[in-house]
Amino acid sequence: MNKARSNPFNTVAMHGALILYTLIALFPVFVILINSFKERRSIFREPLALPDADSFSTIGYETVMQQGDFFLYFQNSMIVTVASLFFVLLFGAMAAYALSEYRFRGNMIMGLYLALGIMIPIRIGTVAILEMMVATGLVNSLWALILVYTAQGLPLAVFILSEFMRQVSDDLKNAGRIDGLSEYTIFFRLVLPLVRPAMATVAVFNMIPIWNDLWFPLILAPAEETKTLTLGSQVFIGQFVTDWNAVLSALSMAILPVLVLYVIFSRQLIRGITSGAVK
Amino acid sequence: MTALSLQNVNKSFGEVHVLKDINMEVEEGEFVVFVGPSGCGKSTLLRVIAGLEDASSGEIRIGGEVVNLTPPSKRGIAMVFQSYALYPHLNVRGNMTLALKQEGQSKALIEERVQEASRMLNLEPYLDRFPSELSGGQRQRVAIARAIVREPKLFLFDEPLSNLDAALRMNTRIEIANLHRQLGASMIYVTHDQTEAMTLADKIVVLRDGRVEQIGSPMELYNNPANQFVAGFLGSPSMNFFPAQLLQEGDDRTMGVRPEDLFLDDSGALAARVSHVEKLGGDTNVIAQVNDHQITARLFGQHAVEPGQDLRLGFKPQNAYHFNREGMRVD
Ligand SMILES: Nc1ncnc2c1ncn2[C@@H]1O[C@H](COP(=O)(O)OP(=O)(O)OP(=O)(O)O)[C@@H](O)[C@H]1O
Ligand SMILES: [Mg+2]
Chain W
1 MNKARSNPFN TVAMHGALIL YTLIALFPVF VILINSFKER RSIFREPLAL PDADSFSTIG
61 YETVMQQGDF FLYFQNSMIV TVASLFFVLL FGAMAAYALS EYRFRGNMIM GLYLALGIMI
121 PIRIGTVAIL EMMVATGLVN SLWALILVYT AQGLPLAVFI LSEFMRQVSD DLKNAGRIDG
181 LSEYTIFFRL VLPLVRPAMA TVAVFNMIPI WNDLWFPLIL APAEETKTLT LGSQVFIGQF
241 VTDWNAVLSA LSMAILPVLV LYVIFSRQLI RGITSGAVK
Chain D
1 MTALSLQNVN KSFGEVHVLK DINMEVEEGE FVVFVGPSGC GKSTLLRVIA GLEDASSGEI
61 RIGGEVVNLT PPSKRGIAMV FQSYALYPHL NVRGNMTLAL KQEGQSKALI EERVQEASRM
121 LNLEPYLDRF PSELSGGQRQ RVAIARAIVR EPKLFLFDEP LSNLDAALRM NTRIEIANLH
181 RQLGASMIYV THDQTEAMTL ADKIVVLRDG RVEQIGSPME LYNNPANQFV AGFLGSPSMN
241 FFPAQLLQEG DDRTMGVRPE DLFLDDSGAL AARVSHVEKL GGDTNVIAQV NDHQITARLF
301 GQHAVEPGQD LRLGFKPQNA YHFNREGMRV D
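Note that the protein sequences, when read in sequence, are chains W and D. Numbers 1 to 279, taken from the working numbering, label the letters of the first sequence in order. Numbers 1 to 331, taken from the working numbering, label the letters of the second sequence in order.
Calculated directly from the structure, the hints in this document are not laboratory data. Note that the coordinates shown come from a computational prediction; the quantities given were computed from them, not determined experimentally. Think of the CB as a built atom: it goes at the ideal place given N, C-alpha and C, for glycine as much as any other residue. Hints may be right or wrong, so weigh each one.
Stated by the list, open to error - Chain D is nowhere near these chain W residues, computed Cβ spacing over 12 Å in every case:
| no. | residue |
| --- | --- |
| 1 | N140 |
| 2 | I178 |
| 3 | S182 |
What the hints assert, rightly or not - Distance ranges between label pairs, derived from CB positions:
| no. | chain 1 | residue 1 | chain 2 | residue 2 | range |
| --- | --- | --- | --- | --- | --- |
| 4 | W | I208 | D | F13 | 51 to 57 Å |
| 5 | W | L112 | D | K101 | 39 to 45 Å |
| 6 | D | S236 | W | L112 | 45 to 51 Å |
| 7 | W | R103 | D | Q309 | 46 to 52 Å |
| 8 | W | Y262 | D | V66 | 52 to 58 Å |
| 9 | D | F13 | W | L130 | 45 to 51 Å |
| 10 | D | L280 | W | G16 | 56 to 62 Å |
| 11 | W | D69 | D | S132 | 35 to 41 Å |
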């Protein structure tokens, strides 16, 4: 065993640092959660106190349920996030595979072009995107958001995934070719499982900004039936009065699905059956 | 019938000319070994034969048919890779049967072939295990079994033993030789280990820098090398080279004598000072300096030779090889 790891002092220091970091990272979430179950006055009087018999109230959640169609917003956010991630991963992985596996004219240029998007924020093109969406009649549809988020996520996905795909053993792909597998089967059955950790990384990186985005829903899909959760929660934040109970309750509920998605992806980060395939 | 014939095969990667005008034939049932130093294009040649790379020019025939445009799976070949390349998501049985399922063979036939191959390679206890649960030697045997079940016309092995330790390598080498005898199929085997080459081959193809240097049976190449490269490449320890003018004034050729052809001889032609001695029990390797040229002599049996000692080494004239300045054999 590694010497540094078996030293008890190091173990304690390492765990101490990690626990401290965990507490710092979880603190805001914790504050939001406890305050969402308190009545308005106690939120401001003692923001760090746990809800007790006096201060406990679910008024925030009730407001959220009554105001607007919260479950619809929820569903919209979920659809947009999951669909965007799906397309980012699918097209990103396919492009990355083509770039890393096949030698063709313009391969380098294509890779650079696809990576350029990492450096240019997509919001700069908002006006042009809006015009395009109007022209194609996609405004106020979830497709508008899915397309934009897919475009936004692709550059980094292609960049990260092609790096990982280059490392997948050539022999394995060649064995598949000799055994008569089609290029699609090789891609889906041999290569994708081996780059699963990279796919999970890309998914996690893309998920949070999409879920939290306010900009594009506000511009491209502000209609009642296409509102996302983030946009829907904005009704509680007024210029002069803010319904803090409702805001905190909405936030608490918005955290849950992201948490679930995150747990799903992070499990993929752990390499399982891939070890031992190629020595 | 010829199992494989290559005619004027060239392969370039962009500017890099890797295979230069390769011509050769593999007869039915023959065991052919490609040897050569690292980077000389052995793997590339094998991949061109398999169809994993397209030849830039030239003709490849397998079993008499031109296969330049045939995809790898339809060429009637099977390949065993250096890195095993087992499918991680399939168990041993799945690895062995994938190609047959892909071809649409019947269940009964698949089962029969799996039984046969796993019996040959003693894999029966492991059929339900995944590659990650096998040792290196077992994985290599699965890789070989995966090739066998397809009953190919031509087997291609790319340095299949280089990841195994010495003892296992010898066992697997014998196993491959047995397999060749049982199956009677044509095999091409890439290695840079010359023991493997000498022991397994019916025919050795020596490659250097993408060119065929010489083709012949192991003993032909050993006894009658066409040039200095082949002479130095085969045999261990490798052949000694020194200028012929050490022995005869005005001779500008290079002379080559194998270490095993040198012997202690008080009237021998070479006056040497011993710099190092390796006593192996059965053999004694004497490394000595002759006028700044290092010479290795492999003496049979045990000899009381010590470093620093002066001695004379002799050889029979018929055991000496001569090469001109371009390295070609001239006798
Ligand atoms: N895809 C490629 N693109 C460019 N050059 C390549 C490519 N593949 C191989 N080469 C070059 O071709 C030459 C031969 O490579 P190859 O892998 O066939 O060597 P080898 O004889 O198998 O060596 P080793 O014994 O180390 O396996 C090398 O110089 C290598 O750099
Ligand atoms: Mg090689």
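A quick look at each hint next to the structure:
1. Every CB of chain D is more than 12 Å from the CB of W:N140 (nearest about 43 Å), matching its label as outside the interface.
2. In this structure W:I178 is not separated from chain D by more than 12 Å, as the shortest Cβ-Cβ distance comes to only about 5 Å.
3. Non-interface call for W:S182 relative to chain D: violated, since the shortest CB-CB distance, roughly 9 Å, does not exceed 12 Å.
4. In this structure the supplied range 51 to 57 Å is violated for W:I208 paired with D:F13, their Cβ-Cβ distance being about 43 Å.
5. Range check, W:L112 to D:K101: about 41 Å between beta-carbon atoms, so the 39 to 45 Å window is met.
6. Between D:S236 and W:L112 the Cβ separation comes to about 50 Å, which falls inside the hinted range of 45 to 51 Å.
7. In this structure the hint that W:R103 and D:Q309 lie 46 to 52 Å apart at CB is violated, the actual value being about 60 Å.
8. In this structure the supplied range 52 to 58 Å holds for W:Y262 paired with D:V66, their Cβ-Cβ distance being about 56 Å.
9. Range check, D:F13 to W:L130: about 47 Å between beta-carbon atoms, so the 45 to 51 Å window is met.
10. Range check, D:L280 to W:G16: about 59 Å between beta-carbon atoms, so the 56 to 62 Å window is met.
11. In this structure the supplied range 35 to 41 Å is violated for W:D69 paired with D:S132, their Cβ-Cβ distance being about 49 Å.
When each numbered hint is compared with the structure, violations occur for hints 2, 3, 4, 7 and 11.
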